[in-house]
Every structure is written in structure tokens, then in C-alpha cells.
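Listed below are the residues making up each chain.
Number of protein chains: 4
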Amino acid sequence: MAVVLGPNRYGKAETRVVRVAREGEVHHLKDCTVSIALSGAMEAVHLAGDNAAVLPTDSQKNTVYAFAREHGIGEIEEFALLLARHFVDSQQAVHHARVAIDEHAWVRRGPHSFVRDGTEVRTCLVHHDRDGTSSVVSGLRDLVLLNSTGSEFHGFATDRYTTLAPATDRVLATAVTAGWRHAGPGTGSSADSYASSYADSYTGARECLLEAFAGTHSLSLQQTLYAMGRRVLERRPELCEVRLALPNRHHFLVDLAPFGLDNPGEVYYAADRPYGLIEGTVLDDAAPPAGPAWD
Amino acid sequence: MAVVLGPNRYGKAETRVVRVAREGEVHHLKDCTVSIALSGAMEAVHLAGDNAAVLPTDSQKNTVYAFAREHGIGEIEEFALLLARHFVDSQQAVHHARVAIDEHAWVRRGPHSFVRDGTEVRTCLVHHDRDGTSSVVSGLRDLVLLNSTGSEFHGFATDRYTTLAPATDRVLATAVTAGWRHAGPGTGSSADSYASSYADSYTGARECLLEAFAGTHSLSLQQTLYAMGRRVLERRPELCEVRLALPNRHHFLVDLAPFGLDNPGEVYYAADRPYGLIEGTVLDDAAPPAGPAWD
Amino acid sequence: MAVVLGPNRYGKAETRVVRVAREGEVHHLKDCTVSIALSGAMEAVHLAGDNAAVLPTDSQKNTVYAFAREHGIGEIEEFALLLARHFVDSQQAVHHARVAIDEHAWVRRGPHSFVRDGTEVRTCLVHHDRDGTSSVVSGLRDLVLLNSTGSEFHGFATDRYTTLAPATDRVLATAVTAGWRHAGPGTGSSADSYASSYADSYTGARECLLEAFAGTHSLSLQQTLYAMGRRVLERRPELCEVRLALPNRHHFLVDLAPFGLDNPGEVYYAADRPYGLIEGTVLDDAAPPAGPAWD
Amino acid sequence: MAVVLGPNRYGKAETRVVRVAREGEVHHLKDCTVSIALSGAMEAVHLAGDNAAVLPTDSQKNTVYAFAREHGIGEIEEFALLLARHFVDSQQAVHHARVAIDEHAWVRRGPHSFVRDGTEVRTCLVHHDRDGTSSVVSGLRDLVLLNSTGSEFHGFATDRYTTLAPATDRVLATAVTAGWRHAGPGTGSSADSYASSYADSYTGARECLLEAFAGTHSLSLQQTLYAMGRRVLERRPELCEVRLALPNRHHFLVDLAPFGLDNPGEVYYAADRPYGLIEGTVLDDAAPPAGPAWD
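Taken in sequence, the protein lines are chains U, Y, E and Z.
Using our numbering, the letters of the first sequence map in sequence onto residues 1 to 295.
Using our numbering, the letters of the second sequence map in sequence onto residues 296 to 590.
Using our numbering, the letters of the third sequence map in sequence onto residues 591 to 885.
Using our numbering, the letters of the fourth sequence map in sequence onto residues 886 to 1180.
By construction, these hints were calculated from the structure, which means they are not laboratory data.
Please read these numbers as outputs of a predicted model, since none were measured by experiment.
The beta-carbon is built from N, C-alpha and C at its ideal position, and this holds for glycine as well.
Some clues are possibly wrong.
Some chain U residues judged to face chain Y by a derived CB distance under 7 Å, without partners named [as the list claims (entries may be wrong)]:
#, residue
1, H27
2, T33
3, L146
4, F156
5, Y198
6, D200
All chains should be built: construct the whole structure from the sequences, respecting the hints.
Printed below as a string of C-alpha cells:
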């Protein structure tokens, strides 16, 4: 046996940057949390504490702030690509960069006054390698949805431990975590023209998720998951793969019989734990290999 | 010295009830978390473990669900009053009831499909005593606001430990926790006619908070707090006292000079901790005594 | 009607200070979160945005760090009193100071190496007024306890909504939040000699809570609460009042009968919500008035 | 383009089970959170809502409770393997099972009285496939460590955005998330004799992490990470791979010069965000392929 170093990465996580763009009286706001992870020729630092290849995470944080000033923050995917390429291009020891950005939404209340909008977070995850390839996954998390009818669950497998009654009308509720992989950019050159569409892509994909959740008469949450992913791929040709994680936030019909009351689908107890967790991938069968896109 | 029992209360906390009201195809949703605390002749249970006066917290939970079925859930203040009066009226040992309800907002996406709306929570805190008096405080929490200009802070006291520079243009951001006390209902009889206005009152008071925050050129967060409370009282005659807790979520202008960049109010670092915390009460000088209303 | 300013306070919340005391190779660690709230002649800032009376919360934060260097951090109650008196004594407009400190525990692993110890947090809440009076409440929170037997609950009141079965052997689990008020210091002069006993007092009171929880055959959580408070007061003459908040973290015996299994007190489901919440005060009938001690 | 279903899995997450083992007066406690994910022939449910292959997540929850009664809960790895094999062996459509268990520690205070011990959580992640192979990863998270000296960081790469000063004496603090992969069991037959060593393995590996953290004079957190992983592999021949995620919880020396004070490594500000995040794998170069072990 010999002990060796395996895959590794390091960087500054959760740098919170708020960018104000001033257009006279009218201000525009971008509120992001940026996490950077770099990897490459990092043996010496692990094995011998030699930091010559290590760009401090503090410098990475500074770069986020400086780039926000120099380039502004447009779509988060563009800003993430800008950062990822910068580290790979400027640091010889850095062979690969991963940049994840969360964007927190604000709604305008006045020319320079804003209200935070919701728990939902727009996300992106970008990789850039020194071989010139990049990958972009966009997404969201904490989009909480509920259908108060139009959901069934029956005909399932049973075993010695099954007590669940079949349901022909149940509440279906979930908090969506979704990511969608862009077919491009594969190479740096086409990236910039491509970039302009991230906003459209986000709005469109999100709308597909909402529509498919609300519009699918559900026989299982798996069926709904697949319908959501399929809708995104069918409507958004720029995307080639969707991954969804859907907790099944159980809403149990309360038994009111002991109190002489019926409960025709009116009063529910929303449980915290345990919960079902349904995870799945829907993809274009011609999608290029994902590589590290989701890591 | 003699050891004695002082003030005490007990009850079921955080019962989550989701109420669906069905109007044919169209469903309506109420999603609430209810916390009950009862007090009264509870010496025997503390001193001797005699539970004869103790209505189980499990029964309190059941009551929430049964009342949701029997009475529906209209405005949370009404539902809280209904519960509070029930426990005081039906249990001889219960002399006083406190009911707090959080309401989680949903936005409609279809006839029976909904999306959770925001981090903001509508709240109420109701007390009812066996002497017939009730108090109602309505409010909200986690309403996150930001002004990207129109805020100054200078002319402050200084001491040996002061290093803060005066600011003539800063970001002002906070997460509002607010409560407003209703002048009525003082007695049970007038309560029901009064009740119909809780929804209006909430919408109106919330709008006052938003307007005053956005519209006040702020010389300090205290000044903004007072303006917010004052606006509510001036516009809503049914309210007699407002309490606000406003964390000052500091947004520090990042020093970009080391990178040869200026930063004219564009790039900020949003800090988590520490934060300023400004708490204050604004009231009508003719307000009746608060009694236990805020406890 | 006239709108007026009511009670108010402001300050820096959650300043995290880590203090290393070096004794040659051997280091000692104090890890605290300090929250300061000042009040006094603050009308002008609320009504007119005049900050002349406002010592910035940033200066308060600086004071925490500077005092940690100048005075070290001994018992948190002493450090809180030092800060509270400083603000009242040095700022004419500050008539009253409230300082709350959380202490996070570390266990030694080497001369200068430490491991965080538990979720439990030691707390204090100190008030100092310009009339010279001070109050000190010490305590803890998130002390999680469980008895797997020795707990019953029966003979309780019942109503139409009661379905709970009497229990003669149940699991009793809680997360203790406790505070104990020191009879002294009433005035500044005696405070310092008194101060040396805070560590003893903490260790002793905490041990009383643990002993009384483990040692009480419980007929209700209220009975256990009272026994815990009583034990503290009987053993610690320096204390005059104990306040406890005990969530009843329900552990439900799982019904295994559908699987042909009995469950003789072996397999439990630990629920998150809802939970019972038992709050109570136990005090020496000769305790001096609490004043703002618990606010 | 054709839309197809990719990798997917489903199951019950975060089933909390508390198991009491009664040995006369003396009770023993196991407190676990179990998450199950099954995968296999699940096309029909995704594409057509046909649930015939879907064992309800409710049945999975029931199985956790029933198995806790029937088999007790010994080492969490054994319980996880028992569950994983059960689902694969008993459900034809389930080709692969993943079971993750968190164990929450309690310290004894009496024959049947316990105190929760720390934030630290013992973890395991088990996979079992219908081809008969299993993998076991054991680990922990939220083990919070701090060295108040013996840590340096200098000689690092610099760029235009670097302002960090070299440090020759800094505080090093982290919250360890670690997993270690067992070389066996590769096949079912040898698993049971192997199982008896999980407790030893856990205690031993944890001690290695603590020792290496405290004992390494650190030139970078990467060096410490590697030393921690290496120590585990060198001492525990039953393990073949260690993965570590170490947030660098920055403790910044407070600048007290404005107050006329020096700060010789005594007063630190502990920041929440951003933080460095160092992730790395240390492995035996003869380790068998990991397969899905870490997924």
C-alpha cells in the first residue's frame, strides 16, 4: 500500500456580493452568493505545505468584487464563466475552475427601493477546463409548489411492511431543486453570443416546470418529475439535460372521525419529516457527455 | 425563604394546519402554524404532578384541526380568537389563553395549483382572559427591504472606540419584524363586527411600512423606524400601537483601491454578523394599556 | 390622538469575539457572542434623525474587542457588567444598557488545540441603569435531555377533542432553556467580590437541572420543570428566581402490530412538530423585584 | 432528439428512529436518522404513472421501525446494510439500494437518563447492488476543531487581486466532514464477520483525525487535510479511501491600533461568510474502484 492524493479542489465559498447599477435616479440591483473551487497541480501544497501554486481564497474573493465593478453582473452564468476562465487562464497551476452562483431576487418598489422576493433562489454551476471546454448548468431551488387535487397514488407494490392505503385524491406538494444543462457552450468562441439567452432560458425553463407541475394529473411524483423535465427539453432546444430533486412534502388528511366530523379533503397536517425524496434525470438522447458539469 | 411557583403557561406549539376550501374546481388554500399557551389554576400539576387541570396539548392540537373543519380559517386573528375563547370558556382551570398564528402565503397558479410566496410571514398574537377582555396584535416578519440610496448616517456621538466614518450615501437594508395592536376588541360583543377588517388592516399597515421605508430620506435607521410606525398609526385609526424590530443589515462598500478601481456606490459586501438592531415602539398617546397583549 | 415614541433601544447584536489567553505553550480559549442594547435620551434621533446622542453600533463592536484585549474575558457575567457599566457611565444620553452574552464551549485536546463541545450554550443577560442598579441573569440553552422511562402522564382533563391515551411509561425528552437570576449585585460596590462566584454558580445550577431531570419520577413535564427550578433555588442561595422553557419533544411509540410485532417500549418515532411547550417560573418568595432583569 | 429517462432513485428520507434497549433498570439508546434511496426498473412509473414497481416510501419507513424492533440497531453500518440488502432481495424491481444513516450521540447520566452530546454526527453511507456487491463509507460531520497557534500561511501565489499578508502564526479552525471507505465488504459472505469492527474503526479513524489536526504544524489547510487522511489510512488497514471537506473558518486578528492597543494574537473576529473550502481525497493506491460508494 502507498498513500496517495486523489481528487481535490479548494476555493472561497459563499462570497456575498451586492451590485448596484446606477442609471440616474433609477438603480438596478444584483444580489449574488459566489462559490469558487479551483483544482490543478496541487500536490506540493498537500504533501509538503508548499503554497507556491495556491492562489489564496482571499484573492478569489477580491476578484469577485473587482470583476463586479469592472464588468458588472449580468446573467449569473456569464459572470460565473468570466470568473472561471479568469482563474484557469491567469494561474498556471489551476487546470480547472468550478464557479457556482446563487442569485437572490428583489422586486422593485421605487426608483432605488426593493423588496426581497421569495425563498426561491436562481442558481448556476459552471465549469471551465484548460482544454478550453466549459459547461453550464442553470437552475433553481426552493420553488415550493402545491396541488390541492389532481394527484393519486395507488397500484403500488406491497410487502409485509405496507400499510399505506391507496389514494385517489391527495395533496401533492414539493420544493423543487432543478438544474438544466446547456447544450453549449462547448468552446469559448461561441460562448458570448450564446450568453445573451441565459435570461430567456431561465424564464422559459422555470415556466415549463410550473406548467408541468400544475398541468399534470399525477399518478405518482415520479410521473410529475418526468413530465417537468420533458416539458423543459421539448420547449427549450438550447438545453440537453434536466435533473430534478423533488421532496414529497406529505400532507396527511387529519382523521376527524373521533370528533364526529368528516374530512372531505379539507384539513391536512403538513409533516416535516420524514419525507419522500424523488430524484431523476431527463435528457436528450443526443446530449453530449456531461463530463464534470454536475459535480 | 420559601420556594414558590411564579407565572407559567403551557400548550401545543407549532401545529401546522393546511386548510383547503373547495369551490367546485377552484380551491382556496390557508397554510398556518398555530401555537397555543394556556394558564390558570395550575399549581397542583407543578407541585404534585396532579394533572386534573391539564387539558393535554394533544387535545389542543386536535382542536385546531377540528375547528379548521367546523369553522374554516378566515383571517388568522379571527381563528386565533375563536381558539383562545374556546379554551377559556370550556376549561374551568384555564383563566387565560394566548394564541399565536403564522400564515404562510401562497399565490395561485391554477384552479387548484399554488406557489409559495416569499419568506415573509403574516403573524398574529391574541390573548383572551376569563374577565372577558381580549387583545389582538397583528403583524409580519421577514419582510426584507433595501434602499440603495437615500440613506445617511453622520453627526453621531463618538468616543475613544469610534472609527466609523460619517456616511452621506449608504445602502439601508433590513428584515422587518412588526406588530400592530388593535384598539379593539376590548370585549367579546364588538369583536365579530370588528373582525371583518383584519384583512384590510393587514394590507393597509403593510403598505404603510413599505411606503415609509421607501419614502423616508433616512438620517438613521431609528428615524426610519419611527416614520414607519407613525405612518401606520396615522393611516389606520383601528390601530393604537406599533412595535418594530429592524436589524441593520450592513452593506459595506468594498475598497477596490488596491486593484486600481474606484467604487462609486456600486459593489457592496453584505455582512451576516454582527448587525445593528433597532427596536422601538410608536403609539397613540391615548392607547389603552397594553396589558399582556405583547407577551 | 397624538403619535408618540414609546420604549426603544438599539445596539450591536451578535458580535463574535474569540479571545486567546497565552500562558507560554498553553493557550486558553473564550468564544463569545455579545449583543448590546442601549436606551436613554433617544427622542431626537427617532423624531428628527438627529444622531448627536447615538453612539454608533460600530463603536460598540469595537469596544467589545478592545475590552477583550484590555480586560480579558473571565466569566461572561463580569464581562457583560463591564460593558454595560461602561456605556452608561461614559455616554450621557445612555441611561440604561442591556448586554447579553452567549458562550460557546470548547474542550482541550492539546496545549493549544480545542474541540467544540456540544450544542449547549452558556448564556447571560445583564442590565445596568444609571441609578446604579444592575441585574444579572445567568443560564443556558439547548441542553438536550432524555429519560427513557420514569415518566407518566394520566389523570388529565379531557374534552370533546381528547383522544390521547393515558401513559404510565413514556419517554420524556426536552431541550432546556433556563435562566437564573442572581439575588445580587444590587449595587455596583458589592458586585466585584460577588463576581468571582459566577463560574461556581453556573456549574452548580446546571448540575441541579440535570439531577432533578434525571431524578424526578415525572407525572407531567410541569412537575419536572418545577422540580428543576426548586432544586436550583434550594442549593444555590445566591439565586432568587429560575425561569425555564421546556419543549416536550414527543417520542411516540411506533405501532408495530400491523407487522405482527409488539413494541414493549423499544422503538420510538421522534417528532419535530408540533411539540408541547411548558414555561414556568420558580422563585424565592423573598426575591427582590425583577425589574427589567428578564427583558 | 428523443427525450429519455436517465438515472433516478427514490425513497424515504430522514426517518428518525429512537431505539431503547432495556437491560433491566439500565437502558441503552440509539438515535438515528435513516434515508433510503432505491433504484431499478422504474421506467413505467416515470413514463406512464404505473406504480407496480414502486414500493411506497411509507413502507420503507415502516421497515426501518420494524427492523429496529426485530434486529435492534447495532453499528449503523450493519443496520444500513441490513436494510439495503432487504430491499434489493425482496423487491424484484429494485436493483440497487442506498442507505444513509446519521447517528446522534447521547451520554449517559443515569441508568435510563441521557444528555445529548455535541453537534457532531456519526454517519454512514451504504450501497448494495443485486450483483451482490456492497460498499460501506463511514464518517462524521460537524466535528469543530481549532488550533490557536501552530498554523502559518505564506509563500502563496499572488496576482493583481492579492492583498492578503503572509501569516506566520494564525488561528486554524474548521468543521470536519469526513468519510472513510471500507476496503470490504466486497461480497455478502464476508460482511458479517467484518461488521463487528465498525465501532472500532469509527473510534480509531476519528482519533486519527483529531490527532493529525492537533499534531500537524500547518503551512496550509490542504497540508493538514492530507495529514488527516494519511493518518487514517496508515493506522486503519481496513480502510482504503478518505474524503474530507474542511471549511476554513477564518479567525481574523482584530486591528486594535486605533485604540492605542496592540493585539499579540489575543483577540479574533470569527467570520461566518465567506469561508475557504478545502476538499480532498486521500487513498490507498491499491484501493478497489469506488463504484457508486460515494454517490
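Against the structure, the hints come out as follows:
no., hint, result
1, H27, "holds (4 Å)"
2, T33, "violated (9 Å)"
3, L146, "holds (5 Å)"
4, F156, "violated (24 Å)"
5, Y198, "violated (21 Å)"
6, D200, "violated (21 Å)"
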